[in-house]
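There are 4 protein chains.
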Amino acid sequence: MFRIIVWGANGMAGGELLRLLAGHPELKLEGAVSRSKAGQPVWHVHPHLRQDFPSETFISPEEAFGRDSHLVFLALPHGSSWPVIEQYLQQKVKVVDLSADVRLSNPEDYVKWYGSIHGAPHLLERSVYGLPEVHREEIRGADLVSGVGCNASCSILGLFPLAREGLLEDARLELRVGSSEGGSNPNTGSHHPYRSRTLRVYEPFRHRHLAEIVQELKTPEELFTMTMTAAGIVRGVQMLAQVRLARKMKESELWKIYRKYYQGEPFMNLCPARPSHLRLPDPRFVMGSNRVLTGFSLHDDGYRLIVVSAIDNLMKGASGSALQCANLMFGLEETSGLEMRPLYPA
Amino acid sequence: MFRIIVWGANGMAGGELLRLLAGHPELKLEGAVSRSKAGQPVWHVHPHLRQDFPSETFISPEEAFGRDSHLVFLALPHGSSWPVIEQYLQQKVKVVDLSADVRLSNPEDYVKWYGSIHGAPHLLERSVYGLPEVHREEIRGADLVSGVGCNASCSILGLFPLAREGLLEDARLELRVGSSEGGSNPNTGSHHPYRSRTLRVYEPFRHRHLAEIVQELKTPEELFTMTMTAAGIVRGVQMLAQVRLARKMKESELWKIYRKYYQGEPFMNLCPARPSHLRLPDPRFVMGSNRVLTGFSLHDDGYRLIVVSAIDNLMKGASGSALQCANLMFGLEETSGLEMRPLYPA
Amino acid sequence: MFRIIVWGANGMAGGELLRLLAGHPELKLEGAVSRSKAGQPVWHVHPHLRQDFPSETFISPEEAFGRDSHLVFLALPHGSSWPVIEQYLQQKVKVVDLSADVRLSNPEDYVKWYGSIHGAPHLLERSVYGLPEVHREEIRGADLVSGVGCNASCSILGLFPLAREGLLEDARLELRVGSSEGGSNPNTGSHHPYRSRTLRVYEPFRHRHLAEIVQELKTPEELFTMTMTAAGIVRGVQMLAQVRLARKMKESELWKIYRKYYQGEPFMNLCPARPSHLRLPDPRFVMGSNRVLTGFSLHDDGYRLIVVSAIDNLMKGASGSALQCANLMFGLEETSGLEMRPLYPA
Amino acid sequence: MFRIIVWGANGMAGGELLRLLAGHPELKLEGAVSRSKAGQPVWHVHPHLRQDFPSETFISPEEAFGRDSHLVFLALPHGSSWPVIEQYLQQKVKVVDLSADVRLSNPEDYVKWYGSIHGAPHLLERSVYGLPEVHREEIRGADLVSGVGCNASCSILGLFPLAREGLLEDARLELRVGSSEGGSNPNTGSHHPYRSRTLRVYEPFRHRHLAEIVQELKTPEELFTMTMTAAGIVRGVQMLAQVRLARKMKESELWKIYRKYYQGEPFMNLCPARPSHLRLPDPRFVMGSNRVLTGFSLHDDGYRLIVVSAIDNLMKGASGSALQCANLMFGLEETSGLEMRPLYPA
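Protein chains in written order, with the numbering used here: chain A, 1 to 346; chain B, 1 to 346; chain C, 1 to 346; chain D, 1 to 346.
What the hints contain is simulated information worked out from the structure, not anything from laboratory work.
This structure is a prediction, so every number in the text was calculated from the model and none was measured.
For each residue, glycine too, the CB sits at the ideal point set by N, CA and C.
Certain hints may be false.
The calculated lysine-lysine pairs, modelled on DSSO-like cross-linking and capped at a C-alpha distance of 27 Å, are [to be verified]:
| # | chain 1 | residue 1 | chain 2 | residue 2 |
| --- | --- | --- | --- | --- |
| 1 | D | LYS112 | B | LYS250 |
| 2 | A | LYS218 | A | LYS250 |
| 3 | D | LYS260 | D | LYS248 |
| 4 | B | LYS250 | B | LYS260 |
| 5 | A | LYS248 | A | LYS218 |
| 6 | C | LYS218 | C | LYS256 |
| 7 | D | LYS250 | B | LYS112 |
| 8 | D | LYS28 | D | LYS92 |
| 9 | D | LYS260 | D | LYS250 |
| 10 | A | LYS112 | C | LYS250 |
| 11 | C | LYS112 | A | LYS250 |
| 12 | A | LYS218 | A | LYS260 |
From chain C, some residues computed to sit far from chain A (all C-beta separations above 10 Å) [what the hints assert, rightly or not]:
| # | residue |
| --- | --- |
| 13 | ASP68 |
| 14 | ASN106 |
| 15 | GLN263 |
Next up, chain A with everything else stripped away, as it sits in the complex (with noise of 0.2 Å):
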């Protein structure tokens, strides 16, 4: 068994590394890191887990730092995990990141879109971005991967084969986003009489993960922008692209292209062209999973494309990617411990 390290564990992509550590065959939690909850029973935060973790409480960084463990997760806020990264990473501990902190490799981009220096830049060189689907053999190898945006792994997976083959000319993403999305801090845009059931567009072209999905598709930025919409739904994220194609395509011919790249994909499932009312995904399908499902439908025009895809937030989004990429450091089944099948309907 392998030790494993949680930090930010109070946070809600801490709480579902738990429960995915919890069901991991080979995984073992050594410590559950939470300076402002430490030394309460970790229930009493994730009152679901209470069966998995009767007696574990949370331990301050100061008692984390004195476990031995494997590999630490660190779900802490943007800009407070580098510090931790170089300290893990002097004692050879593997990292695997949450936080945005060494997801962009080019620290000029970080500046732009964090609007601060990086604190260690050359950690930025040193990481891989956490997605599996575009760098597994880069994560086998290495003692530093980050994880993702949740907006931006949704959007890199669905329209990643576009990108490749050079199709896209133009993309309005459109993020619906669930308010899990936000962590475990009530403000009062998360207030629930003000959430509930709103459809509150709240960036209209623009929003941080976009760094990374331009890093990762490898496409001019220009070409996008990225409208934010909270829903109110929990966990999930759906990104509806509206793409203009490069040149003039039929279906035949993407269908192949996103085969060809989905093929072999343990969690990438391309929806079918039938029927219709499952051929855009909805995120209620993947909840509780870590797989991703994209569908896309062609305009006759030949040229405008929708392309829907969805995911858990917190799982292929966060914690579900996170533990792929853990899997992946280990050499384990990449799948192990993710088999988990949605849960529908919830």
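Knowing the structure of chain A, use the given hints to seat chains B, C and D on it.
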């Protein structure tokens, strides 16, 4: 036109008062008071009212005292109303106080239920409990009227015919409440990922509003328990009372009793026996209105009775009742500005 | 008082018409028509209106024709309105038809979008499209006015300033709709376990309401796509349009254009630029009212524009607009019976 | 691997069985039976399981009888199971019947609660009620096991420690249920605009599942009432019991009793006294799992007790319990294939 000032206008009950005043034929908003939001447009906080108050800004308490008014609504936190009340009464301005500060008439009850000595116990005697269905004539002549607890008003209005007839032997009240009951300040319990779809039983036997229920029904406290469940709705309170009757009753006798007490009441509605699915009311059927629905079902044994009543907590449970009292205090038609019909389905 | 008959009074738009008539100062319900519910109390189907219509029962079509009326609202299924229209017009009774039967003015368009030849094509010329914001003067003099498609009205009202100014080069409309749009008949898609919290993209490029949009905006169909998403809400339509402008624009120019077209309109509201979270409207902010909210955001490139508009589909998207037309047809104040403010939060 | 056939595989309990079988290490789906959907891909009805059953199609009952199996799950409508049971028992195939056909052991009870004479009363004696927590040893040796009513199992598992100890003097059960309890066929009550956010009290005193509760707790029916509320959730049953104890108790005595009965049970969880907001359980905390949460609170008078228990109706309330029984019948680990943790927040 009577000039009205609303204190605590940035909160939920405050916002509902503004909505009501915007449509009232004889009352006019003279000032919307909020210390924390003073100077900001009212619609920043209540975006649905931008067309109604395009240029109104919140004013500070100091400004409020400088404005002339006939009546003030105080939608302030518990414990902070009474000094404001005193000042207005000295100025001969009528007051409807939606906080709990003057709901109880006995200072000892206040200590018992609110855990501290009241700052101005003489106000308790002077104040009238603001349920016109129980205190209509006193309200007409009053210069100080309290608001009502939303759970209390829902319960009192469902049970007073039974209480008046001495029929309550044992009553287990079970209240299901929406998230708007908690006001506009976010907290962990109101955080959308946690509150959404919840069925959180947060009080097993006792809730502060029981003080009002006992006072208004004039029944011993021992007779009641009061269980609270937070439901995943925004608006609405539903009381389900498991009653044991003091003597064996026939259904026809109960109909007669309820009809007697509800007769002529402009907002009280007794649910029909048929169709059975409409007999015990859903709060959705009164949403947005000042109406009360009450239904009951008698067990074959003639002793066990279920009473269900439903209100919109921001209307009949707070701002609607408050306005109803204000109408009475001004000698206006009691239903003035409160004729809106429920919004359903919504 | 004008006497009004509502056909299809058992449906959702029908119920909303009853709610509106119950509060209208100058119109009076003369009959609520439903073949399937004839003889049953109206409140069996619309339990929220029991206090308003305690003894009204649904009447059959035959009874309806025997009653005298000044105007009839027809909230019937598509394809079944036109014979009723013909009969009423012969009797010199005014008609507002909420079905799609007389929305299109060109019989060929009807064949194209509805897949069959119209039974009474002469009605199409005679009918006026029931959006007062576009056809106010014609409506005043009309005896036959169509209702509007809810998605169409939301889209038209958000885009007509741009269309009139020739600014639309490409517009990808994306509509998010509540479940009340589907009417009162249950089906698998409306089954709560499946519909709850859904984000179901059910039309990628085209929806019948596009016929109305193209007709009213007088723009070529090729310019548009129309993507439909069923959301887990009950009321509300939100249009998010990804527009490419025909020429480079400054934001100040767009403000001027929108203000010009919205000025003096009693229900049209242009969202402010600040605060940014209120710039692109949520349908929750108009729920229960006849209001329209429209906001826009221009990309730095001066070409890419997002327009969001929001309505209550049962009000401005159906029954509210229909009543607004009826007011005009009677020479009444256009806003009569439609002054209710949105219910929020709810 | 044991070969399993699921009848009624197109329904909700059927779909949940397929989800469980897809992840079971020792059981294998041999056929998914649905008369109405025969020939269609399973994922057309259960889109979340497309990756698990990419090419499985529903088979007809006739095909099903032609396939070899070790055990069949029957998730059929009440009244249609027993002929299928008879046929399988003759073929020496084990049966777990999720319908109500063999839940009651007394044929007279069946007549009383289901209103008709049972078609094969001999099956009632032969069948074991499928709650391992009550009948574990009998289930191990059985070839016919019934499923459980979801409301019944939630209630029984919350109350049997009290019942066994003779502590129930009066128990007012109040059940709050999600929409998935009603199965996959839409009706007016399940129509999203009506069901969404509802708090519909649809049975005041009695529900069929009370027959099971009385049978399993071995307590007189007169002691109970059972009130049903449909809530706006999809999954989950919560029982809130207002109990009057037969004798005055101390809290410590109740803890001892509950611990005694729950000890060693793999799915039973007793909620802690502290923190108080986790004492009375929310069904959200077990969603997607086979777990049961039970909590209680004793009034100061030592007599009045509230017990709350929560399950996922499709899991412990139906398919999860059924699989737990199958594990026992095969001599497998009881928890096999049922170790999944709850999904929260979701």
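We went through each hint and held it up to the structure:
no. : hint                : result
1   : LYS112/D - LYS250/B : holds (25 Å)
2   : LYS218/A - LYS250/A : holds (24 Å)
3   : LYS260/D - LYS248/D : holds (19 Å)
4   : LYS250/B - LYS260/B : holds (16 Å)
5   : LYS248/A - LYS218/A : holds (21 Å)
6   : LYS218/C - LYS256/C : holds (21 Å)
7   : LYS250/D - LYS112/B : holds (25 Å)
8   : LYS28/D - LYS92/D   : holds (18 Å)
9   : LYS260/D - LYS250/D : holds (16 Å)
10  : LYS112/A - LYS250/C : holds (25 Å)
11  : LYS112/C - LYS250/A : holds (25 Å)
12  : LYS218/A - LYS260/A : holds (19 Å)
13  : ASP68               : holds (43 Å)
14  : ASN106              : holds (22 Å)
15  : GLN263              : holds (24 Å)
Going through the hint list in order, the structure satisfies each hint without exception.
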